[in-house]
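Go by the hints and put chain Y onto chain D.
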Amino acid sequence: MEFFTSLLRILVISLNAMVPITLAAVGEIIGERSGVIDIGLEGILLISAFTGAVSAQATGSPYVGLLTGIGTGFIVGILHGFISVYLKGDQVISGVGINLFGGGLIAFGLIAVWQTPGHHIIPASARMPKIGTPYGNISYITILTLAIVFAVYYLVTNTKLGLKINICGEHPRAADVAGVNVERVRFFATVAGATLAGLGGAFMSLDWFGVLTKELAAGRGFIALATVVFSKLNPLLALLGGFIFGFFDSLGVWVSSAAGVKKYIPWQFILMTPYIVTLLAVAGAIGRARFPDKLGEPYQRE
Amino acid sequence: MLTRIYEQVKPILDSFLAGLIGLAMGAIIMAIWGYAPLDAYDALFTAIFGSFYGFSSTLARATPLILTGLTFAIGVRGGIFNIGAEGQVFMGALAAISVSLLSLPSGIHVLVAIIAGAMAGAIWSLPPSFLKITRGVHEVISTIMLNWVALYFGMYAVVEWLGDPQRAEKSISAATTSRLPIMVSGTSLTYALFVSLAFSLLIFFLLWRTTLGFELRVVGQNPAAANYAGIKENYSINSTFILGGLAAGVAGALQIIGHPPTYALYSDLSTVRNLGFDGIGVALIGRNHPIGVIFAAVFFAGLNVGARTMQITAGVPLEMVRIIQGVIIIALAAPELIELTNQLLPAVRNWINEVKTS
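Protein sequences, first through last, are from chains D and Y. Residues in the first sequence are numbered consecutively from 1, following this note's numbering. Residues in the second sequence are numbered consecutively from 1001, following this note's numbering.
Pulled out of the complex, with its shape left as it was, chain D reads as follows (with noise of 0.2 Å):
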């Protein structure tokens, strides 16, 4: 009886941990599709758990926390994508400065706001509701990144616009032939990706740990990246990759909170594993992944 408790315990916790990485690495399928890649979504996490922090402990509401995470993650997505596609940019750069930037920016805003360089509580008022269960509480917004998983699946393999997104990937030439304005469709997608990881971040400080710290992402966004690989740009696989890391990220959580495994296995190991699976994954996903013809590649109008 404690075995199950303790698993589903450790289920619902997953649930949690699935968020931030579905959410990214979603947001990241739009994107790569099109034809752009983002590796900014550690930085998008954090930049976003941070203004929604703080625009929620300001206005007292969670809601207007998320809506303004939710619009970092935007603005971040219009900067990535007006370098990427219309600057002609290198997407990689890109994005290894808005990461550099956005672990700055938290340091700097945890120290500047709250004047603590460790962490910061945020107080329950500012906090998103939960739905209680008898093994934790499960978020909204759980549900709602089943729905989004499900929304972008259907967006990217039924619609004309996910034809669109796909096709500016694969053969951006064909695509302008056509009458596809490849530049939009490219910076919309990049914009809509980044979004998503926007969400995922204020999702981190107002809704899973009501904590704001400097390493509050901890590589979650570079295990979005890997969840992108491990899916083939499948946003149902991402989902389900999501949950597997998830998974093993929130082992590390629980065991933290049950002092009876620590004595058997140390505890920097258990917090290896999540990392030390993800590049098991990715290195044995069953085939290589396909992506994108034109993945990282500006186009240019002749």
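Hints listed in this document are in silico derivations from the structure and should not be mistaken for laboratory results. Note that CB positions come from ideal geometry on N, CA and C, so glycine has one too. Heads up, none of these hints are tricks.
Covered stretches of chain D, as calculated for chain Y (at least 3 residues, CB under 8 Å):
| hint | stretch |
| --- | --- |
| 1 | 79–88 |
| 2 | 97–109 |
| 3 | 271–283 |
Quick list of simulated restraints, FRET-style, between CB atoms:
| hint | chain 1 | residue 1 | chain 2 | residue 2 | range |
| --- | --- | --- | --- | --- | --- |
| 4 | Y | R1209 | D | Q300 | 32 to 40 Å |
| 5 | Y | L1201 | D | G284 | 37 to 45 Å |
| 6 | Y | I1312 | D | E215 | 18 to 26 Å |
| 7 | Y | R1273 | D | I265 | 18 to 26 Å |
| 8 | D | V64 | Y | T1313 | 33 to 41 Å |
Frame of chain D; chain Y shown alone:
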């Protein structure tokens, strides 16, 4: 002739412009939170250039950054986005502490520690190389994951295997025979700087004066052409990873044997963290050129050292410099930046003229 000079100078101008944009954005963010940007920058630059002590500290901080910058720069030259320097530095540092358990004569001990660090860094660069070549795993993912594994492994090793019996929060210190002498007393600047500089020149020579370097750069620039010319792409990719790993490993070793006063690692690895990530920025600002990397490392190191003073005298949190560094890199991502400003300037001039005449 003029256009040729312009082509040569343009990357440097781009870097300068990106630096200015970074500082400007930093000023705006400081102003938003009610800090005084001018006071902050005054403190920052006085700290770097205002005293011999400050400049020595900057050079001490630049020492490992030159090497981690090289890791990334070599990667870009060889067509790889290697952001694994962070973890490779940790491994190099651990190796350097481990070999200080041996008892060897002083000169040889230094050499052994550096080689051990280099080897450890290179070994930690092999899994991403192997995964890329055999499974097509992108190195951004594999290196980042291994950085985290190395971090927790390092935290474990420092406490459990290399712990100082007298002080729980740190590892044992490097043996006195394996330490590099201090260059400027009272600062942490040691002869480690020359190890870094020598490594940089070595990489410069290797990339532009040897066949291996040539092949590596061809693979980086045009894999199809390399294949056509009969260059073994996988061999070249592997060499790129290993060279990068060697550089990062040496950086880790130098942070132990050339880093007074402790010559040790703390249990949170604080003295070796972020060196790898800063290396990415250093390489980008240094235009992925071994010589450019040296100057960019001094610039980045200056920001880091000056940030402490800025925090004390102007009250601005030192994390501000990471924001500035981030903006600089975002600005560098747009290659047409300088063209864009060139186009904007006449527009502004015209606008001013219009305002004047009306």
